[in-house]
Amino acid sequence: MHPSKALFASEQLPVLRRVNFDMKGRPSLFLGILLFLAGCTTAPVAEVATEPVGVSAGKTKEPASVAGTWRGVIPCADCPGINYTLRLNEDNTFEGTLTYQERDVEPFTRTGTWRLHAGKVALEAADNGTVPTLFELTKTGELNMLDQEGKPITTGTAPLYVLRKDSDFAEDNPILREERRERGLDFVATGNEPGWLLEIDLEKSIRFKTLPSESISMETPVPAALRSGNITTYLATSEAGELEVEIIEQPCEDTMSGKVSPYLVRVKVNGINFRGCGEYLQE
Numbered sequence: 001m002h003p004s005k006a007l008f009a010s011e012q013l014p015v016l017r018r019v020n021f022d023m024k025g026r027p028s029l030f031l032g033i034l035l036f037l038a039g040c041t042t043a044p045v046a047e048v049a050t051e052p053v054g055v056s057a058g059k060t061k062e063p064a065s066v067a068g069t070w071r072g073v074i075p076c077a078d079c080p081g082i083n084y085t086l087r088l089n090e091d092n093t094f095e096g097t098l099t100y101q102e103r104d105v106e107p108f109t110r111t112g113t114w115r116l117h118a119g120k121v122a123l124e125a126a127d128n129g130t131v132p133t134l135f136e137l138t139k140t141g142e143l144n145m146l147d148q149e150g151k152p153i154t155t156g157t158a159p160l161y162v163l164r165k166d167s168d169f170a171e172d173n174p175i176l177r178e179e180r181r182e183r184g185l186d187f188v189a190t191g192n193e194p195g196w197l198l199e200i201d202l203e204k205s206i207r208f209k210t211l212p213s214e215s216i217s218m219e220t221p222v223p224a225a226l227r228s229g230n231i232t233t234y235l236a237t238s239e240a241g242e243l244e245v246e247i248i249e250q251p252c253e254d255t256m257s258g259k260v261s262p263y264l265v266r267v268k269v270n271g272i273n274f275r276g277c278g279e280y281l282q283e
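Residue 214 in the working numbering sits at position 214 of the sequence shown, with consecutive numbering throughout.
If you're looking for bench data, these hints aren't it; they were derived computationally from the structure. A portion of the hints provided could be inaccurate.
[What the hints assert, rightly or not] Here are the simulated DSS-like cross-link-like pairs (lysine-lysine), alpha carbons at most 30 Å apart as the crow flies:
| hint | residue 1 | residue 2 |
| --- | --- | --- |
| 1 | 209 | 259 |
| 2 | 151 | 120 |
| 3 | 209 | 268 |
| 4 | 259 | 204 |
| 5 | 120 | 139 |
| 6 | 139 | 204 |
| 7 | 139 | 151 |
| 8 | 139 | 268 |
| 9 | 204 | 268 |
[Claimed, not checked] Pair by pair, the computed Cβ-Cβ distance ranges are:
| hint | residue 1 | residue 2 | range |
| --- | --- | --- | --- |
| 10 | 227 | 149 | 54 to 62 Å |
| 11 | 251 | 174 | 20 to 28 Å |
| 12 | 240 | 157 | 39 to 47 Å |
| 13 | 174 | 228 | 40 to 48 Å |
| 14 | 225 | 158 | 40 to 48 Å |
| 15 | 140 | 275 | 40 to 48 Å |
| 16 | 249 | 174 | 21 to 29 Å |
Glycine included, every Cβ here is placed at the ideal spot set by N, Cα and C.
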């Protein structure tokens, strides 16, 4: 049975396994994952006009726009997770990319159009070969993947089928940046695929975590800095393992946003390498 057909057999979302390649070497990721997330029904989504986002008053968070870049880490049965990056463009086109963590599999991207109706975002692939994938826009400003019938997922891994907008943790968020300054942070760095965050308070600790799931998280005391030329290195250990941070004074361009930061940052956590960009907040 083709992997995508096997996925249709269940009524709820299981932890996903890697999808086989077709004859052209392209993984049937969206046929296997996005089709499954969309559901078994072949009934098309109604042709409706895009409408403004509406969230009720109270403890809610309304994104400035649904358009933007959203990210999440989908559960995977035989790998740490599947990085899902979804770009919803203002012209109602989308680009979704799935990347397996720690697997020798090429990222796979699918494009199409998206619609917002009744608090739900529907993705329709450009090749018209799949039924729409549905998300619910929550009151807290997240996109929750829905099951095949357009209903909330009820499995134990349901909290992991969530996408958050980049502005919720991006360095160009002025409110977040000021909040970090007030917390006394001296240096912050981020990276993509998978998303990660590094925070350094030179008087307290170094903290690293992946985003948004925090599948990897480590906090250590700040060791003595090792400086060589334009490179500052921190080598730290904790009960969770080993952490190595290299801060290199050279321009660094974010691979997603294109933003240029003054420092290139390399992080190694228990042998796993991460690369991104950073800046000092107290300068």
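Do the hints match the structure? See the list:
no.	hint	verdict
1	209 - 259	holds, 21 Å
2	151 - 120	holds, 11 Å
3	209 - 268	holds, 12 Å
4	259 - 204	holds, 28 Å
5	120 - 139	holds, 12 Å
6	139 - 204	violated, 35 Å
7	139 - 151	holds, 16 Å
8	139 - 268	violated, 36 Å
9	204 - 268	holds, 20 Å
10	227 - 149: 54 to 62 Å	holds, 58 Å
11	251 - 174: 20 to 28 Å	holds, 21 Å
12	240 - 157: 39 to 47 Å	violated, 23 Å
13	174 - 228: 40 to 48 Å	violated, 34 Å
14	225 - 158: 40 to 48 Å	holds, 42 Å
15	140 - 275: 40 to 48 Å	violated, 30 Å
16	249 - 174: 21 to 29 Å	holds, 24 Å
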